[in-house]
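The chain contents come next:
2 protein chains.
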Amino acid sequence: MGGLVEKQCRNALKALTKGDLTLAEKVATSDYKVNDLEVSINAKCTDLLALRQPAASDLRMIVGVIRMAADLERIGDEAEKIGRLAETIASGRDSVQFREDPKHLGKSAIDLLQGALDAFARLDVEAAIVAAAKDPDIDREFDSITRLSITHMMEQPASVKTLLRINWCARAFERIGDHAVNLCEEVVFLVKGSDVRHLSIKEIQDRYL
Amino acid sequence: MGGLVEKQCRNALKALTKGDLTLAEKVATSDYKVNDLEVSINAKCTDLLALRQPAASDLRMIVGVIRMAADLERIGDEAEKIGRLAETIASGRDSVQFREDPKHLGKSAIDLLQGALDAFARLDVEAAIVAAAKDPDIDREFDSITRLSITHMMEQPASVKTLLRINWCARAFERIGDHAVNLCEEVVFLVKGSDVRHLSIKEIQDRYL
Chain B
1 MGGLVEKQCR NALKALTKGD LTLAEKVATS DYKVNDLEVS INAKCTDLLA
51 LRQPAASDLR MIVGVIRMAA DLERIGDEAE KIGRLAETIA SGRDSVQFRE
101 DPKHLGKSAI DLLQGALDAF ARLDVEAAIV AAAKDPDIDR EFDSITRLSI
151 THMMEQPASV KTLLRINWCA RAFERIGDHA VNLCEEVVFL VKGSDVRHLS
201 IKEIQDRYL
Chain P
1 MGGLVEKQCR NALKALTKGD LTLAEKVATS DYKVNDLEVS INAKCTDLLA
51 LRQPAASDLR MIVGVIRMAA DLERIGDEAE KIGRLAETIA SGRDSVQFRE
101 DPKHLGKSAI DLLQGALDAF ARLDVEAAIV AAAKDPDIDR EFDSITRLSI
151 THMMEQPASV KTLLRINWCA RAFERIGDHA VNLCEEVVFL VKGSDVRHLS
201 IKEIQDRYL
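Order-wise, the sequence lines are chains B and P. Counting with full-length UniProt numbering, you get residues 1 to 209 for the letters of the first sequence. Counting with full-length UniProt numbering, you get residues 1 to 209 for the letters of the second sequence.
What the hints contain is simulated information worked out from the structure, not anything from laboratory work. Ideal Cβ placement from N, Cα and C applies to all residues, glycine included. Some clues are possibly wrong.
[What the hints assert, rightly or not] What the simulated footprint calls covered on chain B by chain P, stretch by stretch (three residues with Cβ under 8 Å from a Cβ of chain P suffice, anywhere in the stretch; the number is not a length):
| id | stretch |
| --- | --- |
| 1 | 31-45 |
| 2 | 64-76 |
| 3 | 160-166 |
[Stated by the list, open to error] Straight-line alpha carbon distances no greater than 20 Å define the calculated PhoX-like cross-link-like pairs of lysine-lysine that follow:
| id | chain 1 | residue 1 | chain 2 | residue 2 |
| --- | --- | --- | --- | --- |
| 4 | B | 26 | B | 44 |
| 5 | B | 33 | B | 44 |
| 6 | P | 134 | P | 202 |
| 7 | P | 161 | B | 161 |
| 8 | B | 44 | P | 192 |
| 9 | B | 134 | B | 103 |
| 10 | B | 192 | P | 44 |
| 11 | P | 81 | P | 14 |
| 12 | P | 107 | P | 7 |
[Unchecked claim] Just a sample of chain P residues kept apart from chain B, beta carbon distances all over 12 Å, derived:
| id | residue |
| --- | --- |
| 13 | 7 |
| 14 | 29 |
| 15 | 31 |
| 16 | 91 |
| 17 | 118 |
| 18 | 127 |
| 19 | 158 |
| 20 | 175 |
| 21 | 208 |
With the sequences and hints as input, model every part of the structure.
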């Protein structure tokens, strides 16, 4: 499920920045695969809880996986949203001028997602924290893209629609970063057994690095 | 937790539409209470799974509650976001002209949330489906508010910042509606035992009403 979601995000970014209509349409219509995986992962986890009555770290793994599947599903939703917006943006007159604006932001969010998935695969708390620590940069980059698009909107009112759509894509990537941080926090929960979801990155670093 | 989150949403809407700075600040700084409740609900559920090894409908209730707490926490995040935006909007020159735009949308989203929480309290599948069925109207209203703000942005480029912030508030209410639909779907899961999260409202109605 993680691999598929990561692929969806990469395709969404490519479709947006290259103005690739076919790829955008593919991303916008493939989300059902992610949804199906979430449903089947949830069913398997509930069965395991009922039949095997796991304890301690096995129990944490199952509870953690249920929550991670929900976050991955939401990342899939954001990728689908970017795919739909990319379809509309690609067909706009002024798309070429702005569509690469969220390129670096998108790449950073996908790197964070990849880091979170790798950390989970190796149950590596340190790697999870290193990945999560990149999120504030993503937030700052989103803010600066937004400031830039406000300037563009004021200067070129005719491009407001396109700029707004591109800003929604940027926001979707920013949210993908947030959900990827949740995945990192689940890795800490799985390994260390403590819920760090509402601590700051700094507090988590101080505690576990 | 549901009551607190609903209260945060009501205060967020009031702070935005009345331009009430004190209330906006209160909403923007009270989200930690919601976060703390999510952490303690999760800890209690994990303990129950470990110590009582529940089966069948008890197990579904616990798994469902873990997921509902995550949705409520996200609704709390959206309310906090609206609170922060309302602070900035209230201090803007052109706020009075536009700040009531999302009033009806916000009210509809909060009604849906209230319906979802009531349906959960009474484990009432029919009420959950009736509440969830209101979401498409909320989505349509968000689209029409967005179209209107695009027109305003093109006509009054100097108000772009305020309009963008108000549109983000509208989007946050639209997302509150989406999360409330997830709560409704959990009620169906708890009572009927089947995962309806990726079915359409129409399919759920056909199956259970």
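Checked against the structure, which of the hints given earlier come out wrong? 4, 15, 19, 20
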